[in-house]
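**Q** Residue numbers (my numbering), protein chains in the order written: chain V, 73 to 450; chain U, 34 to 166.
Possibly wrong hints are sitting among the right ones.
Stated by the list, open to error - Think about it this way: if two alpha-carbon atoms lie no more than 30 Å apart in a straight line, the pair counts; the simulated DSS-like pairs of lysine-lysine are:
| # | chain 1 | residue 1 | chain 2 | residue 2 |
| --- | --- | --- | --- | --- |
| 1 | U | Lys-136 | V | Lys-97 |
| 2 | U | Lys-146 | V | Lys-328 |
| 3 | U | Lys-37 | V | Lys-350 |
| 4 | V | Lys-204 | V | Lys-230 |
| 5 | U | Lys-90 | U | Lys-76 |
| 6 | U | Lys-136 | U | Lys-76 |
Keep in mind that the hints were calculated from the coordinates and are not lab data.
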Amino acid sequence: MADGNAVVMTAEEFKQFVKANGIKKAAKDVDIVTTGTFGAMCSSGAYFNFGHADPPIKMQRIWLDGIPAYGGLAAVDAYLGATELDESNNMLHGGAHVIEDLVRGKAVRLRATAYGTDCYPRKEIDTYVSLKTVNQAVLMNVRNCYQNYAVATNSSSKTLYTYMGKLLPELGNATYSSAGELSPLLNDPYYRTIGIGTRIFLGGAQGFVIWEGTQFNPGVPRTETGVPKRPAGSLAVIGDLKQMSSEFVRGLTFTKYGTSLGLGIGIPIPILDEELAKSCAVTNDKIVTAIFDYSQPTRARTVVREVSYSELRSGEIAIKGRQVPTSSLSSLYKARQISESLKSQILKDRFSIENPVQNFSMDRVFKPLDVRTEKEAM
Amino acid sequence: MKTKVVLNFSPEAANTPITNNLIAKYRLLVNILRAEIDEIGGKMVLELSGKADDIRKGLDYLKASGVGVRPIKEGVRRDDEICTHCGVCVSICPTKALSLDTKTGKITFTEEKCVACGVCIDACPPRAMEILI
């Protein structure tokens, strides 16, 4: 690959190539397939080191543009979560929006209070910071890039406002949230090339996979080709916020739910063998997920039915004898942009492919939270 | 010929049977797409069908009656800098003014189909849609 002769294709191009030339030739001729996704990625946030004031302060309560950040780390380090809201619960401007503002180069107001110590006597500060003034600004997300996700609909008689968007009454619409055949983890369903240490496209910059994502759940039912039929794997990722672009880092508002971070992620998949070529050949008609009725306010919602991504993409799906219009929460346009950008960076030798330092554990399970006694929790 | 217009009127004008006059005097078919009237006046989105000349006369009549008349294109605006083309709006738009073009992957906004109902406004996660009426 270092000789500049690598054959790189986006996931969409690769699927066309396989259709025309077969798996064997694709496995032999193609070196790397680039994937991409852009969607609402909760469990995101950024940490900062602000530098020390004079006299110095050990920040205890911290606000960035009015949004509380967590400072229980040391003196001037803080973590700002994407879904954090101000005290008035204004959902138009949460942690994710502050992160976007910083990426756009804006200055944001930093306020902090403290109890004061002998070594950090200052008790309050009110100032402005930007990506230029802080020492570190690092996007570090504990669960992104879900491998497949549910489809949401609503059979009740009132509109529901959810993290899956506005769900109209009486099965008025259905929303889904995966980039389907372009989505990174759906192209490498057993995480053979995506693991700890994998270099990725993150918010327009280069970042890394640092761990399995929280709620990692590889044991869900899978199709014959191994593609999970339910939310399964996820990734914890890290990258330098200072290098990112507002094209791929966006504050989002889900009315009456809260805020989330719209984030672009792309992952290159080296075609190691025929098995991986087969995985990357998967198309929307072969990727299925489950429709859930979000009017059931329980974690154990029943599956309405299974549906493929080609049905979802067609704009309408049948639910209980009705034709229900569908919406994606994930941008096909940006997913394509990301897979294209990754391809061109690799071809220009600006993006090196890393083998995982360690693969994910396949025995992780997704446990519920029950109200239990101290003894039951032991 | 068909046209869609946004009307703004004062409380006084709200007491005039303007839609009835459009139907009776100007022989127009009037489809009320949206109507909101309160103590400070009202807004209405109408689809008018009829002969081009009658539509023109009808619109002149509205203006002469002190009703603000604007084309529907000025009803809802999308900020293309903010839109991420996710497509959340597609399934909630009752007139299919917003649709996914699978070729480009972009969400197309066909302003002619928009009736300025406003359901897309608070459904848009990056808040790219703005209602102007």
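**Q** Each hint should be assessed against the structure and marked as holding or not.
**A** Against the structure, the hints:
1. U:Lys-136 <-> V:Lys-97: The given pair, whose Cα atoms are some 27 Å apart, holds under the 30 Å limit.
2. U:Lys-146 <-> V:Lys-328: 28 Å, holds
3. U:Lys-37 <-> V:Lys-350: Violated, at roughly 52 Å.
4. V:Lys-204 <-> V:Lys-230: Roughly 47 Å between the alpha carbons, so the hint for Lys-204 (chain V) and Lys-230 (chain V) is violated.
5. U:Lys-90 <-> U:Lys-76: Within the cut-off at roughly 20 Å; holds.
6. U:Lys-136 <-> U:Lys-76: 38 Å, violated
Checked against the numbered hints above, the structure breaks hints 3, 4 and 6 and satisfies the rest.
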